[in-house]
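Going down the list, the sequences are from chains A and B.
For the first sequence, my numbering begins at 1 and goes up steadily by one.
For the second sequence, my numbering begins at 1 and goes up steadily by one.
These aren't lab readings, by the way, just hints derived from the structure by calculation.
C-beta: ideal position from N, C-alpha, C; glycine also.
Honestly, I wouldn't trust all of these hints.
To be verified - Think about it this way: if two alpha-carbon atoms lie no more than 25 Å apart in a straight line, the pair counts; the simulated PhoX-like pairs of lysine-lysine are:
| # | chain 1 | residue 1 | chain 2 | residue 2 |
| --- | --- | --- | --- | --- |
| 1 | B | K99 | B | K51 |
| 2 | A | K43 | B | K697 |
| 3 | B | K606 | B | K481 |
| 4 | B | K57 | B | K99 |
| 5 | B | K702 | A | K117 |
| 6 | B | K702 | A | K152 |
As the list claims (entries may be wrong) - Ranges between beta-carbon positions, derived for each pair:
| # | chain 1 | residue 1 | chain 2 | residue 2 | range |
| --- | --- | --- | --- | --- | --- |
| 7 | A | G82 | B | V240 | 43 to 49 Å |
| 8 | B | K71 | A | E32 | 54 to 60 Å |
| 9 | A | R31 | B | D72 | 27 to 33 Å |
| 10 | A | A20 | B | D683 | 35 to 41 Å |
| 11 | A | E5 | B | R4 | 58 to 64 Å |
| 12 | A | G33 | B | L689 | 35 to 41 Å |
| 13 | B | K71 | A | E5 | 44 to 50 Å |
| 14 | B | E554 | A | R31 | 44 to 50 Å |
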Amino acid sequence: MKTMELRATVNGQPRQWTIAPGDLLLDVLRREGFFGVKRGCEKGECGSCAVLVDGRLVNSCLMFAAQVEGCEVLTIEGLAEGEQLDPIQGAFLDHGAAQCGFCTPGMILAAKALLNKNPHPSEAEVREAMAGVLCRCTGYIKPVEAVLAAAKQQPAKRATRKREPAQVMR
Amino acid sequence: MSGRKVVGNNVRKVEGHKLVTGRPAFTDDIEMPGMLYGKILPSPHAHARIKRIDTRKARALAGVHAVLTYKDVPRVPHTTAGQAWPEPSPYDTYLLDSKVRFVGDRVAAVAAESRAIAEKALRLIEVDYEVLPAVIDMEQAMAPGAPVIHDEPDSTKIYDRSHNIAGYILREIGSVEQGFRESDFVVEREFRTHRQQHTPLEPHITICWLDANGRLVIRTSSQVPYHTRRQVAQILQIPVSRIHVIKPRIGGGFGGKQEMLLEDICGALTLAARRPVKMEFTRQEEFYMARSRHPQILRLKMGVKADGTLLANQMTVLATTGAYGSHATTVQGNTGSKVLPLYRTPHMRFECHVVYTNMPVAGAFRGYGCPQGFFAQESLVDEIANHLGIDPVEFHLQNAIRLGDIDRLSAQLGEGREGLPRVIRSCGLPECIRQGAEAIGWKKKRPAPALGGHLKRGVGMSCSMQGSGIAGIDWASAFLKMNEDGAFFLQVGASDVGGGADTVLSQIAAESLGVTLDKIVITSGDTDTTPFDVGAYASSTTIISGGAVKKAAEKVRAQVLSLASKMLETPVEKLEWGNNEVFTTCECRKSVTMTEIAMQAMYKEKLQIMDGASHFNTDSPPPFCATFAEVEVDTQTGQVRVLHLATAVDPGTAVNPMQSEGQVEGAVTQGMGFALTEELLLDSAGRPLNPNFLDYKIFSAKDMPKLTTILVETNEPLGPFGAKSISEVPINGPAPAIANAIYHAVGVRIRKLPIRPEDVLRALCDKAGRTPWSARDALVPLPEQRYQPLAKEREK
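Same shape as in the complex, but just chain B (with noise of 0.2 Å):
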């Protein structure tokens, strides 16, 4: 077939009129008849044993029907890491525990008639706790003597437990020290990430329910359904087989959904009162019982030759996981393993320590350790490239990875374990980064002398890459059968968290059958009804549940036209397919629609025209990303406006145009809100100080700078029709093109996000005093290293 019919179009999201008009379609949309309110009990101390707990003044309160405290639950250690099994996250999380490790971790839970009965049980659950000393400071996590959070013994795959180490990674390609030996320049630098929060709309929500079979219905807000399904079988001890997990439209994920949240506490309460039971985070609870991005010191010492060939580069990051070690390790080792490589750098290394505070959780979140990588290393290239007086847009087409490449750092650290060597199928990297700097008028900007008054204007720019699924771990499966109307049911296990999986899926369907758009029929992300797929994570879906729709469609199409053959009179290589019929390719120009096709199956053939696929990858094509920007900074008080922020795109093919550009425009925003505004602060017990949209401040439509999206199209290999992925990868751009415009406009570099109007004024204040250049030494003294790392034996 050449060219395509519905691939590569902007067609309209399938389930848009639903959304459009209002239509029940989410998690709370529905009402159960007798459906009791759960409500967690959130401990006050950021560290403490619960010494007593009373609970007899809670059951006695009308309304309520079930109380649950460590007591009433059994003890099974997990992770609530979404992940495929046997998750790479320690196992240090309980459904109760008699032990909090911070602020809002569960204490007890209730099931009551209304939410203010539950409230009320809640104020008169007696609780005497034994306060520890927490751990709030990450630095302070490994130090000798420091509180122990995760004492517990039955807890497993913890790294170091006696030193609060959740993970440790070591990964070295060749010999830093000899390319740091081998370099005419060698510089150091320290940067800091802070945390940030999801803020889907729409808050975690989960509604279980018994049904008539006395089977465990979940109905959830989440990415993640089968996982989900495997790690409350195993918390409740219940066959897997007795649950279903629903997942119904989400109101957005972007990581946070990726992580089995209310799913089991919900599920226990049902068990107890045998009644449904809805539970649901209020935004204040949101922000602190949910999950949240890593907060990352990271260490990062480059070499490079006079000519801009940089040789070594070496990462050394502390992040902190807050009290559970849910996505830990992997988070941190895509910190190194998808940042390092962008260069074609012949010495890398990778150290980590990812270590236990009493603080809010650190989780999933869009980008999974990548925003933080790629600000340290994209500011530390920019002061490389100034101070060679080389363009940063030469520097990074003289550096970056290429096309036929091997990145041999993703063989050694992949999913919380030894990974596979991606091979650059595909790369439209040069090319994202020429129409990139074209949008934002690179070449007039970067030389123009600064403005005079106090507005002084700069642009900068980064690049990134990311993955397209997790290589040999993420897979997916798809189902298609054929109805008399000839229109496809497609069942996939995916779950479409509001970027358009459902959309694009059923346009790979589309094509591949040969019929309209609007002849496919998509169930999603049900465990009763939908094959297995692992979720929507990873930038996974388009190109792995994709890959499985694309194989399940070509097999019921070759059943459509072995039957097609027969009613033809036709051999099946002369027949072609598309527009809803199958036609001769001979002159007699015969067809038979898919209707009529449809119908011979299943009334004169008795056959049901079904098949399914299941599809993985043994490599994670790399999307690619250059994004430019341009500030202006108000050197009086240190306030930074973005004015453009252009970002250029390689995901392969974009499936639906339109689509791709949302997730980019989306992505850039939440990248932009990384790099300027949002942190969820802490005081130093680990209280939350500014849970809420008014403190917490996401970019409102009136705060957005122009935003130009430049998809550059190539032709993976290895992903359906060419595509590969795109929903996180422009996330990593714009702190590293912000910074480094910062430093175009008004020549100071801010190492830490996020990047507030006191730091640039602070910086702007000190710059009178800084050190110049000079080679092979790091340019500015670092700060004492305040975190050792451990004596002990280190793992290869």
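One chain only, chain A, in its complex shape (with noise of 0.2 Å):
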């Protein structure tokens, strides 16, 4: 099989890995152990193998490996900085956000290429650059607002917060 040589920043990393031609980025970079880039549909419909090339967001099975040839790539492993979880993350885990997670890197980096760009998007910009990474689980609600948030720069009130006391029936 020919192979050819791929030379790529990922994640802040300088990388050169010895690919196929006809690879894709999706397939590379999860054999590079890049987990969190999901396999959902193989066909670019669904999101969840999202990755920013150069800061836009793209569906790495749309994608041969090469095309990133002298690119940045940034994965979900790359977003925080150590242990300091980039505003984005906090606020999924505060806001519920994530519910079985697989979606969840796709969301995290959809919101993080329109907050680069627009940093205080309206709902409905929220809703339109999300649209692009479907989720079974959340219904949109709460991702929707961790994003809302983040932007705000006003992480939520943190897990110990007593809940209203809800209407109790005997």
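If you follow the hints, you should be able to join the two separate chains into one complex; please do so.
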């Protein structure tokens, strides 16, 4: 099989990988251990495999790995700085926006791409930006809340907050 | 202890950090040395016999390590339904068979060094089929002369194989005939529901290997690790203890993974190749080779007094399970047993035929038969209330089941057998109705005149209930042990499928032990290291597994207190616990920390503080739900747009309200898809037409209406800290609430799902010729009943 050398920056680290010309970016990233890039449909329909290439949100299942030659690729693994979570990641935790968590990397990266361009989006803009990432668990309510909260730089109150006592019936 | 510290709080998901940072957590997130790729050759025919199958060319291909056909594997009739033994589903499935029964059925399987080689090997398998006539229309399945789908003699527990009947149910409370005679109005309608697919974002995936001791390890995305272990052992004919099932993080299940689906064939390939094998469904395969919701035709007949009192409720269902009877009788049993008793009707009758067809296999799906039943029942109730001039809100309050009522139908209709009566010990339904109506603006919008122009708005409602575990069958166990740092390892067989069970169970343990949540380290769903649990289904985990955790924690707490009593020289009765310490209630206020207790136990007393417990319930307390929808109907196109959907749910205690809300929001989104957009279509040869996300439409972030979620908490005596369940019940509401809102907006009744624009437009066009109501008789003559119940003797 013919092979070629791919040079790209992945999550800030220069990488050089031997790939086949037809390899998809999704397959190469997963092969190299970036398991946060999820395989959901392989047709560009679900967005679970989304990554940022030079800041643009792409479905890595629709891209040849060779196309990222010389590019900067950001996967979910590269978003936090050490133990310091990105505000979007923190907001996802505080708002219960991750259920099964399979679409979560794509969701968070879609939000990241949006907030990079538009730091104070409206709810409609958030929904538009996240429409390419399908979720079957959440109904998108809490993910959208989380992104809006991250945009406001006002992380929701933390875990230990006691909830308002709900109406209790006996 | 007064005042809960952990239960009832919006804590972060215990495993949340790894999910938002993309750490390897899911089945596919490992790489095994020498791992092969397994692939199934799917049948291109809906019904065929394999006359000849030649795998020589495939076996000869470089990189192929195993090729299996029916000639190579044990023939063991079984069900793939992940249910407690003995499974009530028919044993009508084989690892591989010489007959195929739907497009996508297994013909052969290969394991090769890459996916490309595996796919090439499949193309090299030569198969001669004897194509048989297929049953595609469920209404023709029982007809005389219909092709018999399960003609093999060794299948068992099939109700009537010669007529393609997988299961049959007949139950009656009181006498519906008497009820109809005593009624002022009797109305009968037919409703149709369709094939919805779970579409978890992670398709089914399994990785198998042989460990150093030669045991078969199955790492799989499953809701039922323990049932899977038992079933794979049965199918591959190896001892249960030679199998180790690991459930890693699951990327969504919704019932589709309450099924042993890839594990058996992946295990067989692993045993044949003696190398690790990975098998996964592509998205396309997931649509038709995995499971879907049972399509049903429901005939509902209700009798009511002029004052709105419901007297008789009769439901007759024809459903298809597809080619195999996985969950056939149990899903349909639920359509009766969880739906009809919502009303205090003295006379109820439920009859159901579940038939085989040469179509994709139906199975468990969130709601488990209830979304179909409630669509029919709540649509008809709305029609009756409208006819009688009673506000549907009042009609529901007047007729719905109440605190202290006993649901007798559940006693007759359990999980494929006699059940147990349900006593309503907690019921927030009236409050759900009140708060839901308030949220949607019912009082203002219900009487409002329709808008002018072609856009009409309306509001509609529905009520529903579900269960919390299967009474007398579902059980779970939990084990706790204390570590030197005062933290506890919690081991549960329960399977968190994404809903947050690991967090909820940890909260229950922390609350019971008086420690903070960070002091609980949970391991779940591993058959080697965690004790038994039936699995994540039937809305059981919080109440059943949570019950086991609470019991185990209380036993461990007794050990902790006993040692603390010694250390503090104070009797146990004068001790309190909380915030990671045990303290005295007397003036002196002495205390010891959990860490000190642990160190004392381990290095002075030579004692491991640990204990386990098992738990089951003999009742299945129902969570209740009221759903309100506001829609806008375009009378020029028939397009229906949901503007607002308000859901009020009584889950008992919400152990983690934020997660509970998430369950509701996810369920109603799937419920809206069921109502409006999602349908797996098949052509006349049983081939799927839209197995992809472009043509099978699930809601995206942009498509969502405004959602309001209200938790009406009650205190369920049978649940841990008063909890019942929440994950399933809200999915029942949207379809009928939307259909009823459409009626309110434009005056047409849509009785077939999904509600497509063309159906609404057609109904609007037909509206002029409608027949008015008449007492005692059905409003519109029903179409001729095309299927005839058999004359043979019924089971009692």
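Now for the hints, and whether the structure bears them out:
Taking the CA atoms of K99 of chain B and K51 of chain B, the gap is near 9 Å; set against the 25 Å cutoff, the hint holds. In summary, the hint linking K43 of chain A to K697 of chain B is supported, as the alpha carbons are separated by about 15 Å, within the 25 Å threshold. Proximity of K606 of chain B to K481 of chain B is assessed by CA-CA distance (about 14 Å); at most 25 Å being required, the pair is judged to hold. Restraint check for K57 of chain B and K99 of chain B: the C-alpha separation of about 22 Å stays at or below 25 Å, so the hint holds.
Straight-line distance between C-alpha atoms of K702 of chain B and K117 of chain A comes to about 19 Å, which keeps the hinted pair within the 25 Å bound. Of the supplied pair hints, the one linking K702 of chain B and K152 of chain A holds, its CA atoms being roughly 21 Å apart against a limit of 25 Å. Between G82 of chain A and V240 of chain B the beta carbons are some 45 Å apart, a value that agrees with the proposed interval 43 to 49 Å. Checked against the hint of 54 to 60 Å, the C-beta distance between K71 of chain B and E32 of chain A comes to roughly 40 Å, which is inconsistent with it.
The hint said 27 to 33 Å for the Cβ distance between R31 of chain A and D72 of chain B, and at roughly 31 Å that hint holds. Under the hint 35 to 41 Å, the C-beta atoms of A20 of chain A and D683 of chain B, about 37 Å apart, fit the expected range. Here the CB-CB span from E5 of chain A to R4 of chain B is close to 59 Å, well matched to the stated 58 to 64 Å. For G33 of chain A and L689 of chain B, the Cβ-Cβ distance of about 38 Å falls inside the hinted range of 35 to 41 Å, so the restraint holds.
Checked against the given bound of 44 to 50 Å, the beta carbons of K71 of chain B and E5 of chain A, roughly 47 Å apart, stay inside it. For the hinted restraint 44 to 50 Å between E554 of chain B and R31 of chain A, the CB-CB distance of approximately 48 Å keeps it satisfied.
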